[in-house]
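Residue numbers (this note's numbering), protein chains in the order written: chain X, 1 to 128; chain Z, 129 to 301; chain C, 302 to 797.
One or more hints might be untrue.
Claimed, not checked - Here are the computed lysine-lysine pairs in the DSS-like style, where the Cα-Cα straight-line distance is at most 27 Å:
(1) C:Lys-460 with C:Lys-596
(2) C:Lys-467 with C:Lys-405
(3) C:Lys-596 with Z:Lys-292
(4) C:Lys-749 with C:Lys-405
(5) C:Lys-730 with C:Lys-654
(6) C:Lys-460 with C:Lys-654
(7) Z:Lys-292 with X:Lys-122
(8) Z:Lys-292 with C:Lys-405
(9) C:Lys-596 with C:Lys-729
(10) C:Lys-749 with Z:Lys-292
(11) C:Lys-622 with C:Lys-730
(12) C:Lys-730 with C:Lys-749
(13) C:Lys-730 with X:Lys-122
(14) C:Lys-596 with X:Lys-122
(15) C:Lys-596 with C:Lys-654
(16) Z:Lys-292 with C:Lys-730
(17) Z:Lys-292 with C:Lys-654
Stated by the list, open to error - Residues from chain Z shown here face chain C by an in silico Cβ test under 10 Å; the list is partial:
(18) Ala-189
(19) Ser-235
(20) Val-275
(21) Val-282
(22) Ile-285
(23) Gly-286
Since the hints were made in silico from the structure, they are not lab data. Predicted model only: the values in this text are computed from it and were never measured. We put the CB at the ideal spot given by N, CA and C, even for glycine.
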Amino acid sequence: METGLDLLTAYLTRYAPILLFILLALAFGVVTLALSYLVQPKYPEAEKLSAYECGSEPFSDSRIPFPVRYYVIAMLFVIFDIEVIFLYPWAVTFDQLGLIGLIEMMIFIGLFVVAYIYAWRKGALEWD
Amino acid sequence: MANLIFFYFAGIIVLTATLVVALRNPVYSALSLLVMFFHVAGLYVTLHAEFLAAIQIIIYAGAILVLYLFVVMLLNLKREERFHQQTLTAALLGLVLFGEAVLLLASRPLRLSSMSASSEPNVASAVGNTESIGELLYSTYLFPFEVASLILLVAMIGAVILSKKGLLESKSS
Amino acid sequence: MTFDLVLSGSDLLLLAPEIFLTVWLCVVLAIDFSIKNLDHENIAYLSVGGVIATLLNLLWFDYLGVTGTLFHDMFVLDRLAIFFKIFVLLSTVLVILSSIDYVKSFRFFRGEYYFLVMMSALGMMFMASAHDLLSVFVTLEFSTFGFYVLVAYLRDDVKSNEAGLKFFILGVFAAGLLAYGVSLVYGETGTLVFSEMAHTPGSYGLAIGFLMIFAALGFKIGAVPFHSWIPDTYHGAPTPVTAFLSIAPKGAAMAILIRMFYVALAAFKPTWVLLFVVASILSMTYGNIVAIAQKNIKRLLAYSGIAQIGNVLIGLAAGTKRGSDAILFYLLTYLFANLGAFAVVIGVGNLIKSDEIEDYNGLNRRSPFLAAAMLIFLLSLAGVPPLAGFIGKLYIFVAAIDQELYTLLAVGLINIIISMYYYLVVVKKMYINEPVDPSPIRVSIPIKTVIYVGLAGTLILGIYPRPFIEWVVAATLMFSNVTDMVAAALPHGSGG
Chain X
1 METGLDLLTA YLTRYAPILL FILLALAFGV VTLALSYLVQ PKYPEAEKLS AYECGSEPFS
61 DSRIPFPVRY YVIAMLFVIF DIEVIFLYPW AVTFDQLGLI GLIEMMIFIG LFVVAYIYAW
121 RKGALEWD
Chain Z
129 MANLIFFYFA GIIVLTATLV VALRNPVYSA LSLLVMFFHV AGLYVTLHAE FLAAIQIIIY
189 AGAILVLYLF VVMLLNLKRE ERFHQQTLTA ALLGLVLFGE AVLLLASRPL RLSSMSASSE
249 PNVASAVGNT ESIGELLYST YLFPFEVASL ILLVAMIGAV ILSKKGLLES KSS
Chain C
302 MTFDLVLSGS DLLLLAPEIF LTVWLCVVLA IDFSIKNLDH ENIAYLSVGG VIATLLNLLW
362 FDYLGVTGTL FHDMFVLDRL AIFFKIFVLL STVLVILSSI DYVKSFRFFR GEYYFLVMMS
422 ALGMMFMASA HDLLSVFVTL EFSTFGFYVL VAYLRDDVKS NEAGLKFFIL GVFAAGLLAY
482 GVSLVYGETG TLVFSEMAHT PGSYGLAIGF LMIFAALGFK IGAVPFHSWI PDTYHGAPTP
542 VTAFLSIAPK GAAMAILIRM FYVALAAFKP TWVLLFVVAS ILSMTYGNIV AIAQKNIKRL
602 LAYSGIAQIG NVLIGLAAGT KRGSDAILFY LLTYLFANLG AFAVVIGVGN LIKSDEIEDY
662 NGLNRRSPFL AAAMLIFLLS LAGVPPLAGF IGKLYIFVAA IDQELYTLLA VGLINIIISM
722 YYYLVVVKKM YINEPVDPSP IRVSIPIKTV IYVGLAGTLI LGIYPRPFIE WVVAATLMFS
782 NVTDMVAAAL PHGSGG
């Protein structure tokens, strides 16, 4: 008799290709960096390490405050992302849901359209 | 094997979640959170909740974390020491939560096999995880679903008001 | 697993008030963003019209006795739900009317203000009908989202921003507690619907889960020890929003508390009665004692609100049908007195741009009408006969005496005396002290209307409470067997 844990293990072996993929991706990055570090010739000199004509010393931190506008865009993105997620299981089961499922989703999207037109009219989608 | 997988995911979740609050640089905290989100998704997969795992990555790792990073950049936080002065409160709260967890675990024997949905793997594999969620969400749980759309409407309008207001007022004055 | 959803026309009828209000909201928003330079007063009156139409619809339902459940018991429309929906909508109408002058000071997003107020009201209407933990979570969050924006509406005002931030962070923390509690309860019982939980055996998980849910709802009603957000949020928020926040969410959260403890946890009454006795004593005593030291009228009303919620919790501590009747009636008296007092504060604040109690010196010289109205509202809040507050307190205390909760009764009576002191300090300032600036204060018509409604409610409920008592008794008729259920669960009858 199979126990629950054996079943779970059997189920998880189906994810072995994904695990392999993740490991390969990791290995690609690590191996490339390590290999180039090992085979490169290293003769450091003060002149060689300083910035030459094609660059200047950085004179401020690269972390500058982002304008609040990015935040609006990101916020709207999150909300629409969630909406799309809701659409997916609906699309998968659409043939069983029938007309009432269509109406449900139309109400859902209808409220989004109101919000979308609002954001548009108020200029939330414009940069300035 | 299955236990090993669970403890790997759970261990990394605990570790990265601790790093989120312990690291001094907010950007590192956010990245640590990203690693945590991925491992939570892994835990969902072991629970046969593939759709939830996908949502976890698309919404949390893909969208909400970007929002967090924008806020960190917006506030231009660097090394923040101010928020690390409440160790005593944190320790007390942690003690309370730990005691609660002990109480819950002590009141019933711990059965690891029942913590995964493996007792009925046929349901998920026969119908498909996403389909069963769809069927439930659009029939039994229709009410919370439609209320969720209203929440998103309010959230969107609130976001436009709170962020645009500052821009409009700084422009007009 | 197959798709099973049957929605007939009569089912949708149960949702008619909510559907109507949703459509109305969207129309109001659409009018606001499509017509440029539309006066915001038009939007306000349009909103009031929609809310009143919904209110009439509900009154009609109440008269016909329309009841039913939807979505596998997740949404229930009974007379309790109808009562709380009417409660929420009544406060919404009064709040919108008292906002009109205040909103004039906004430079942007005037129309959206009314949209958000109605949206929160819609969320609280859903809360009144929530009959399972998932809908409790979703509807609670829905109603709170509107408030997060409304509290922080004054962008230029540091206090408003601070209030918004505090409210948001603590609100999200409460939401987290709620979600955790719901997950624990679901893990223990395997169900989310209240009525299906009624026969589950007790366990630590269930107790901790419900304790967390109680903490989250205690946050909404502002009971001690979950009150820490109240003073600063009330102080910093726009005054009409404070007025709304001080009454409507408390009513809606009380609806959930009553349902949860009377339906799902009826069998554990001896345990949770203690919880409410402690919360009630703490809220009354803390609220009243700290209120004495307040210099700002909004903070004073905030602390007085904490104390009033302590009084309401006496009804839950009694845990009987009479207890729930008393809660409903008390909330009704609190609605009129509290919103009336806030209308006076808004009326005064619009002109003198200050909410300090010092600036109420000699209000009687500047506006005898406002001073007299404030006097009546404060006396009703204190519980002086023959005003509404007196009957409300009496009703609550009778429910406590029934259950022999004499400690609670004694603490309640002492607290009435303490509260009398700080209410009378305000009265003394209004009537005896000399005003610094004796120029008269003019009150606009919408605010006058709100004050008149508040006065009418306070006087009628105090002098002729019979029809209203009959109404609340009918609204909680389903709890008439709540003590029997306790007796059935405890064969030796040690409850009480």
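Okay, the hints, checked on the actual structure:
1. C:Lys-460 with C:Lys-596: 16 Å, holds
2. C:Lys-467 with C:Lys-405: Holds, because 26 Å separates the two Cα atoms, which is no more than 27 Å.
3. C:Lys-596 with Z:Lys-292: Since the Cα atoms of Lys-596 of chain C and Lys-292 of chain Z sit roughly 34 Å apart, the hinted pair is violated (cutoff 27 Å).
4. C:Lys-749 with C:Lys-405: With a Cα-Cα distance of about 17 Å, the restraint between Lys-749 of chain C and Lys-405 of chain C holds, given a limit of 27 Å.
5. C:Lys-730 with C:Lys-654: 18 Å, holds
6. C:Lys-460 with C:Lys-654: 14 Å, holds
7. Z:Lys-292 with X:Lys-122: Cα-Cα ~8 Å, so holds.
8. Z:Lys-292 with C:Lys-405: 19 Å, holds
9. C:Lys-596 with C:Lys-729: At roughly 14 Å apart (the allowed maximum being 27 Å), Lys-729 of chain C and Lys-596 of chain C satisfy the hint.
10. C:Lys-749 with Z:Lys-292: Outside the cut-off at roughly 34 Å; violated.
11. C:Lys-622 with C:Lys-730: Between Lys-622 of chain C and Lys-730 of chain C the Cα gap is close to 41 Å, so the pair fails against 27 Å, i.e. violated.
12. C:Lys-730 with C:Lys-749: 22 Å, holds
13. C:Lys-730 with X:Lys-122: 46 Å, violated
14. C:Lys-596 with X:Lys-122: Outside the cut-off at roughly 40 Å; violated.
15. C:Lys-596 with C:Lys-654: 15 Å, holds
16. Z:Lys-292 with C:Lys-730: It is violated: about 42 Å lies between the C-alpha atoms, which goes past 27 Å.
17. Z:Lys-292 with C:Lys-654: The hint holds at about 26 Å.
18. Ala-189: 20 Å, violated
19. Ser-235: With a closest approach of 4 Å, the Ser-235 of chain Z hint holds.
20. Val-275: 5 Å, holds
21. Val-282: 5 Å, holds
22. Ile-285: Cβ of Ile-285 of chain Z sits 6 Å from chain C, so the hint holds.
23. Gly-286: 4 Å, holds
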